Each structure stands twice: as structure tokens, then as C-alpha cells.
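2 protein chains.
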Amino acid sequence: MSITKLFEAAKAASPAIGRASTGQKNAALEAIARKLMDNKTSVVAANQKDLAKAEHDGIASGLLDRLKLDDKRVEGLAAALRDLVELADPVGEVVRGRTLANGIKIQQVRVPFGVLGCIYEARPNVTVDIAGIAIKSGNAALLRGGSLAEETNKVLVDLIQQGLAESGLPKQSVQTIDEFGREGAQALMQARGFVDVLIPRGSAKLIQTVVTESKVPVIETGDGIVHIFVDASADFSSAVPIVVNSKAQRPSVCNSLETLLVHESVAASFLPKVAKALEEAGVTIHGCPQTAQIIACEIATEEDWATEYLSLDLSVKVVSSLDEALDHIAKYSTHHTESILTNDIANAERFLQEVDSAAVMVNASTRFTDGGEFGFGAEVGISTQKLHARGPMGLQEMTSTKWLIRGSGQVRS
Amino acid sequence: MSITKLFEAAKAASPAIGRASTGQKNAALEAIARKLMDNKTSVVAANQKDLAKAEHDGIASGLLDRLKLDDKRVEGLAAALRDLVELADPVGEVVRGRTLANGIKIQQVRVPFGVLGCIYEARPNVTVDIAGIAIKSGNAALLRGGSLAEETNKVLVDLIQQGLAESGLPKQSVQTIDEFGREGAQALMQARGFVDVLIPRGSAKLIQTVVTESKVPVIETGDGIVHIFVDASADFSSAVPIVVNSKAQRPSVCNSLETLLVHESVAASFLPKVAKALEEAGVTIHGCPQTAQIIACEIATEEDWATEYLSLDLSVKVVSSLDEALDHIAKYSTHHTESILTNDIANAERFLQEVDSAAVMVNASTRFTDGGEFGFGAEVGISTQKLHARGPMGLQEMTSTKWLIRGSGQVRS
Numbered sequence: 014m015s016i017t018k019l020f021e022a023a024k025a026a027s028p029a030i031g032r033a034s035t036g037q038k039n040a041a042l043e044a045i046a047r048k049l050m051d052n053k054t055s056v057v058a059a060n061q062k063d064l065a066k067a068e069h070d071g072i073a074s075g076l077l078d079r080l081k082l083d084d085k086r087v088e089g090l091a092a093a094l095r096d097l098v099e100l101a102d103p104v105g106e107v108v109r110g111r112t113l114a115n116g117i118k119i120q121q122v123r124v125p126f127g128v129l130g131c132i133y134e135a136r137p138n139v140t141v142d143i144a145g146i147a148i149k150s151g152n153a154a155l156l157r158g159g160s161l162a163e164e165t166n167k168v169l170v171d172l173i174q175q176g177l178a179e180s181g182l183p184k185q186s187v188q189t190i191d192e193f194g195r196e197g198a199q200a201l202m203q204a205r206g207f208v209d210v211l212i213p214r215g216s217a218k219l220i221q222t223v224v225t226e227s228k229v230p231v232i233e234t235g236d237g238i239v240h241i242f243v244d245a246s247a248d249f250s251s252a253v254p255i256v257v258n259s260k261a262q263r264p265s266v267c268n269s270l271e272t273l274l275v276h277e278s279v280a281a282s283f284l285p286k287v288a289k290a291l292e293e294a295g296v297t298i299h300g301c302p303q304t305a306q307i308i309a310c311e312i313a314t315e316e317d318w319a320t321e322y323l324s325l326d327l328s329v330k331v332v333s334s335l336d337e338a339l340d341h342i343a344k345y346s347t348h349h350t351e352s353i354l355t356n357d358i359a360n361a362e363r364f365l366q367e368v369d370s371a372a373v374m375v376n377a378s379t380r381f382t383d384g385g386e387f388g389f390g391a392e393v394g395i396s397t398q399k400l401h402a403r404g405p406m407g408l409q410e411m412t413s414t415k416w417l418i419r420g421s422g423q424v425r426s
Numbered sequence: 014m015s016i017t018k019l020f021e022a023a024k025a026a027s028p029a030i031g032r033a034s035t036g037q038k039n040a041a042l043e044a045i046a047r048k049l050m051d052n053k054t055s056v057v058a059a060n061q062k063d064l065a066k067a068e069h070d071g072i073a074s075g076l077l078d079r080l081k082l083d084d085k086r087v088e089g090l091a092a093a094l095r096d097l098v099e100l101a102d103p104v105g106e107v108v109r110g111r112t113l114a115n116g117i118k119i120q121q122v123r124v125p126f127g128v129l130g131c132i133y134e135a136r137p138n139v140t141v142d143i144a145g146i147a148i149k150s151g152n153a154a155l156l157r158g159g160s161l162a163e164e165t166n167k168v169l170v171d172l173i174q175q176g177l178a179e180s181g182l183p184k185q186s187v188q189t190i191d192e193f194g195r196e197g198a199q200a201l202m203q204a205r206g207f208v209d210v211l212i213p214r215g216s217a218k219l220i221q222t223v224v225t226e227s228k229v230p231v232i233e234t235g236d237g238i239v240h241i242f243v244d245a246s247a248d249f250s251s252a253v254p255i256v257v258n259s260k261a262q263r264p265s266v267c268n269s270l271e272t273l274l275v276h277e278s279v280a281a282s283f284l285p286k287v288a289k290a291l292e293e294a295g296v297t298i299h300g301c302p303q304t305a306q307i308i309a310c311e312i313a314t315e316e317d318w319a320t321e322y323l324s325l326d327l328s329v330k331v332v333s334s335l336d337e338a339l340d341h342i343a344k345y346s347t348h349h350t351e352s353i354l355t356n357d358i359a360n361a362e363r364f365l366q367e368v369d370s371a372a373v374m375v376n377a378s379t380r381f382t383d384g385g386e387f388g389f390g391a392e393v394g395i396s397t398q399k400l401h402a403r404g405p406m407g408l409q410e411m412t413s414t415k416w417l418i419r420g421s422g423q424v425r426s
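Residue numbers (the working numbering), protein chains in the order written: chain A, 14 to 426; chain B, 14 to 426.
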């Protein structure tokens, strides 16, 4: 089949999945979860093929781990689909409405986008996650999961389509375009009229390519050069655990801490304490010259301030004031998450107002920027753009709206 | 000054306008309104220059009328700014919020985008409209108003900047890039990191160019091939005035009717009635062969169904069923506004659900798709895309959100 036929099939499937009842969509999610559980062996076998090829090609071990699906991970994917069943259906929700002076009733209601595109890399779990979110939000999905996971994605999409068909929904509601390789990804970015919104998930490079090349609307999910500012009035007993948690609890994710800014008035007392705790967590510190006078550390370069390590590395800088902290953040932040640790109301409020990021925090770990933690139940990604969605995106963010207008013969004068 | 300097100045101005109090922003709007009233003569004189040049270049009369500003129109612009003063400030509005189980309080609040770009053609009123909306919503604005209105826009932006400065707001909050010509428009579309959202207003060609070439996020404001379906159960006494109002009240705007679909069971009785009323309003009918058997009309070509006339022309087609009407709409609609005239609940609900347009109506004139009619007070345009905003856009649609997270030492487990 040509890729245009696949696009047309997605568009043709979208009204049916868009109008499906919540019960029908939930039945499909349950059916897909069952298919996954009943076919663990074939999923894992396909994944072994991808893994063998990737190992043969000398792919890095971090990537291999993302690529890998074992029995337990497949069970996790099925469980995530069942969790989606419990979530409220966003379609049909009334966002706002009123009766105009002339008696016309207007209502803004949530409707599916139509067709979601997703471009990602070497993460077969995203195939099931996005398919599930698309189904629950009434959207058709076109998935480009990358050549590394092609065998696994093929089996997964086949099982998803079986589950859809069993529940009376069009199986073309979820399709993979992996077979078309890079040209498929290019075609997806050009597919105006077929794809309503395109979501890239993966490396900064992948996201930049999609954002700059796509002719269909994109939601940018971004990398996080995340900052914490330890203010002069910070409570050390909570500041140390917050810094360690933000950096070390799961360093490979976008909401983990990359740069710690410390007010100079507390640098001499705070840095040794936090450095000890960070060392115990295995963190390597890259400090500014002032930091290096207080604790043992590597010397940070200009590049360090602009680096998303995604590892147990942390940049540390001593600043003379809240203003200097805000300036540093304005210069290097990727507008994902920043947190201030303080007991000063005025400084907390200034930080909340002036930091231009998707999530701005006071006295909390940056790891809380997360759809699950926010109570969204499912997360499509974390948007670092300002249009449509900002911060963690759940089912609601996968919908558009339309205005329903009910009159009784009114004309405009 | 180079265009990059202008972009940098807009970005530098955006925090100050973004944090300005409602009172300060309203004072600026009042000051600009006063400047316009006090300098009507110089605005009109500059406009005369643009008009003379346009006439000399043989510009069409419709365009000349859009370009023209006389005393009365300048007064209208000042009045529109004063109307903005009365509207609620969207910045700081809490969209949703909750306290998590761990005691963390999360709030999603409205914040300005930062810098709005606008590309439009030969409409100096848009300069003042967009500047006012940008100021009230806390955004800086970069305006590309086209060479035809260059002299007028220069004077208008100068007055706007004087009003901003008098109110203690940075005058670079509103800037024109007209002096850079087409290259300026190109630069605006490429200005990632400087422009947060770009809004094209004007011809379908202009909008398509911006949508496909821009590397910054765009909100598409679209043309309207607007349909009304007169169902078998329609009440003729309201259907005739609704059709006439939708077509003829202001044919040059995007929410005016372009194609009338009539159920075959009432075609013989309805068409003569509506044709008579349309004729009295000066409307020319382009009918399908079945229509032409019932009333005198021109014969519609395939092209007519896909044409936004924006004039006193109307395509008319007889259809055999609601399904045929829905199919025709799916094929030719630009997803702006469609209306069904019916007394049948099931058909009304199907139409509301299945028509994929920004505004879908029952028994009302399509002319009601309008920010003013919806009670938004100000209108940036009508979005025909699904991302971020759909339908009439007011101040709220000119904002993004951010999450404020207030903890007391929480870490993630």
C-alpha cells in the first residue's frame, strides 16, 4: 500500500473512532490489553530480532535498554491500557457556554483532533502508549516508531488492530508507517489535510527536525535544562533532599535537575552539606570557580550551563542575588521546569511570576512535573511550547474544541 | 536598525508588558485612544499618501476601501481601544488547580505568549486592533502590515508607541517591520526564539504562504466556504430570513453563506420563496441542474462548490438526504461555519456532531460566528485550525498558561 493510502485510511477511520462511545473505546482498550497478555511471546520474540540487529549494529546500551521489551514490560503496557479505561473521556466535555441576549445558546465542547501523528525513536512502549491515548481521546493515529524497533512495532500494531476490530472499531484507527522509512517520516510532516497534529518524542535533534520541517501543526515536547535556585532563606533540611531527589531519583528524564544555583550568602554553609548528599547518590559536580573554592568539584565550562546531562552530573553556580539567578535561568533554561527553595514570600512570588517555564515551583522537587503526578493518569509528553498545551499533556490536550450553536430562527441585525 | 535588533527589542519589552498591571495596560489603551483622536489629521494625511500611491498603481476599489482611513474610521479605532479597557484581563486567570495527595498545590494560570507576530495586508485598522489586543493580553507585537499601508501604519505605530511611553510601558512593545518589506515578512516567519505565535490575516494565498513557510507556531485564520442545509422539516418562515441574512447582510466576510443545500422533498416549495427574497437582496444564484428546473438561475459548475464568493453570489444544490448534505459539506467546507435549518431533533444532533467545523449551528444565521456576538468583546480573527484555538479568538486565545507549583519540601518517591 502507498503511504498516501495509509493516510487516507487514517482520515477515513477518524470519524468512527471520533464518535465511538466511551464504552466502545474502553472495550477496545481492554481487548488490546488482552491481546498483549495473550501474545507476550510473539511480542518478545519480535523484540529479540530488533535487539539482535541493534546489538549487531553497535547501538549504545542506553538505547538498547529503551528498545527492550520483556514479559514484565509487556505486562506493564497492558496495565497502562487498563488504567486508561478508568480515566474520564475528554470528548464531549463542555468547556464553556452561555445563552446570548438574543436567546441563542452557545457551547464550546471538546472534540477529537482527527488524526494524530507521532514520530519517535526506538521505544516500542510509545507505540502502545500513544495508541491507547489516541483511542481514548477519539483520534486515529499514524505512528512512525523508527527502524530500530520496526519488528516489535509491527507485532504491536497488529495486536492493537486486532483489538480494535474485535470491538467494532476500524482497525485503521492505529497504523504504523515504519515500512516507509525516513521517507515516511518526511511524508508525515508534509501531510496537511491528513494529519491534524504531529508530536515528536525523542532526542532534541529529532524534535528540532520535526519542529522546523513540519508543515502540519506540531506540539513540541522538549528537553529540560532544569534549574533549582537555593535562596538565602532556604530551609537546608528540606533543600538538601529536594536537590538530591531532583537530580538523582531518575537522572535520565527531562524533569531531572541539571543546574543548581546557590545564593552566595549561604554557599559556604549549604554547598558542603548538599555535596556530601550528592556524592552519596553518585553525582559528579561541575562547579563555577566560587563553588570550587568551597567544595571539591570539576570546573564547569560555558558548555556545562547549556547541557542537559541526563546523567548523574550536575552544574553548580554561586549567584549574588535572585536577579542573577533569574538572569542565568532566562539565558540557559529550556523553559521546562525550575524551582526556588526559599522561605521568603516576595522572592517566591517573583520567581513564580518571572520564570518563563512550563512549570515553576516553590519548595518542591522538579521531578513533580509529570502527568501522572498531576493526576492526568496518562501522559503524552511534556510540552515546552506555548501554543495549545504547556507542561504535562494528558487526554484533554489531545482534543480540540468546536462551538455548538442552537438558535430558534435568529438572524443578525 | 536591523530587523534582528527589532526582534530583540520586542523580546526585551515582553517581560515588562507581560507583568504590567491591568490598570497600567488600560491606561496605555486610553492614552493611545487619545493620541489617535488628537492626531486624526496626520493619520488621515498619511493615509491619503498610501491611497494616492495605491490608486496610481491601479489597486482594485475593494482593496482601496479597506485601505482607507477617514476621520470617522479613526474615531472608530479609538473607540475600539476604549472598549478593550472594559474587558477582563486574561493574564493571571486560574484555569484549573488542585491540591495533590502529598500536599503540593498546583495551579494552571494564564500568562501572555510573549511576542505576537501578525502579517496582514492593506488594512491599517488591523494595526490598531492587534496592538490593542496585544497590550491588553500582555504581549509584545511585531506587525507586518504590507507596503500598501506603509505610511499610515508608520504614523499609527508612532502614536501607539507614544501612548505606551506615556503610560510607563516600553514603546518597543509594539513595532512595525514594514520598512523591511517582503524580507521582513520572511524573517518574521523564521524568528524562532523571538516570536511565540504568528497570526496571518488576509487572503487565502497569504495565509497558505505563512502556514506552509513559517517555522514559528502559526494560528491559521481562514476563509469560509459556509453552508446551510435546509432540511425537510425546516420552518420556512424562519428559514428564508436566515438564508438571506447569512448571505446578504455582509457578503464580504468569512462567516457569510456561500452554498445552500436544500432537501429534495421541500425544494419545489422552498426554492421559489427563498429565490424571491434573495433576488430582492440582489443575490445571483448558481444552481445545480435540479435547482434550475425549479427556479431561474445560472448553472453551477464544479468550481462554484469550492468557491468563497465573498460577494452577492450563492451556490444552491438540491440533495436527496441529510447524508448527501453531510457528504457535500465534508468535501467542500473549509471547516468554518455550517448551519442546519430543521425541526427534527435527530437530524439536528447528527449535524452538530458530524460536521467538523469551528462552529456548527441549528436554526441560526451563520453570521453569528463572531467574537463580538459570542461576547468576547474583541476579535483577533476566526481560527479554522484545531490546535490551540478554534473559532472566534478573543483575548483569552492570545494567552498561554503555566503551572505554578507550591510545595513545602516534598520530594518524589
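Some clues are possibly wrong.
To be verified - Below, simulated SDA-like cross-link-like pairs (lysine to any residue); rule was C-alpha separation at most 25 Å, straight line:
(1) Lys53/B to Ser15/B
(2) Lys344/B to Ala25/A
(3) Lys344/B to Glu293/A
(4) Lys218/B to Val266/B
(5) Lys118/A to Gly388/B
(6) Lys228/A to Arg205/B
(7) Lys118/B to Lys81/A
(8) Lys289/B to Ala29/A
(9) Lys344/A to Ser15/B
(10) Lys218/A to Gly206/B
(11) Lys218/A to Leu64/A
(12) Lys66/A to Arg47/A
(13) Lys228/A to Ser15/B
(14) Lys184/B to Pro254/B
(15) Lys118/A to Lys85/B
(16) Lys18/B to Gly36/B
If you're looking for bench data, these hints aren't it; they were derived computationally from the structure.
All figures in this text were calculated on a predicted structure; none of them were measured in a lab.
Given hint Gly206/B paired with Lys218/A - CA-CA distance at most 25 Å = holds (16 Å)
Between Lys218/B and Val266/B, does the CA-CA distance stay at or below 25 Å?
-> holds (16 Å)
Is the Cα-Cα distance between Lys289/B and Ala29/A 25 Å or less?
-> Outside the cut-off at roughly 41 Å; violated.
Pair hint Lys228/A and Arg205/B, alpha-carbon separation not exceeding 25 Å | Given that 25 Å is the threshold and the Cα spacing comes to 15 Å, the pair holds.
Quickly compare the C-alpha distance for Lys344/B and Glu293/A to 25 Å and report which way the hint goes.
-> Between Lys344/B and Glu293/A the Cα gap is close to 64 Å, so the pair fails against 25 Å, i.e. violated.
Quickly compare the C-alpha distance for Lys344/A and Ser15/B to 25 Å and report which way the hint goes.
-> It holds: about 22 Å lies between the C-alpha atoms, which stays within 25 Å.
Pair hint Lys184/B and Pro254/B, alpha-carbon separation not exceeding 25 Å | violated (48 Å)
If you draw a straight line from the CA of Lys66/A to the CA of Arg47/A, is it 25 Å or shorter?
-> violated (28 Å)
Keeping to a limit of 25 Å between CA atoms, is the pair of Lys228/A and Ser15/B held or broken?
-> violated (28 Å)
Are Lys344/B and Ala25/A close enough, with their CA atoms no more than 25 Å apart?
-> holds (13 Å)
Would the pair Lys118/A and Lys85/B pass a check requiring their Cα atoms to be no farther apart than 25 Å?
-> This hinted pair is violated, its Cα atoms lying about 34 Å apart.
Is the Cα-Cα distance between Lys18/B and Gly36/B 25 Å or less?
-> Answer violated: Lys18/B to Gly36/B is near 29 Å, above 25 Å.
Checked against the numbered hints above, the structure violates hints 1, 3, 7, 8, 12, 13, 14, 15, 16; every other hint is satisfied.
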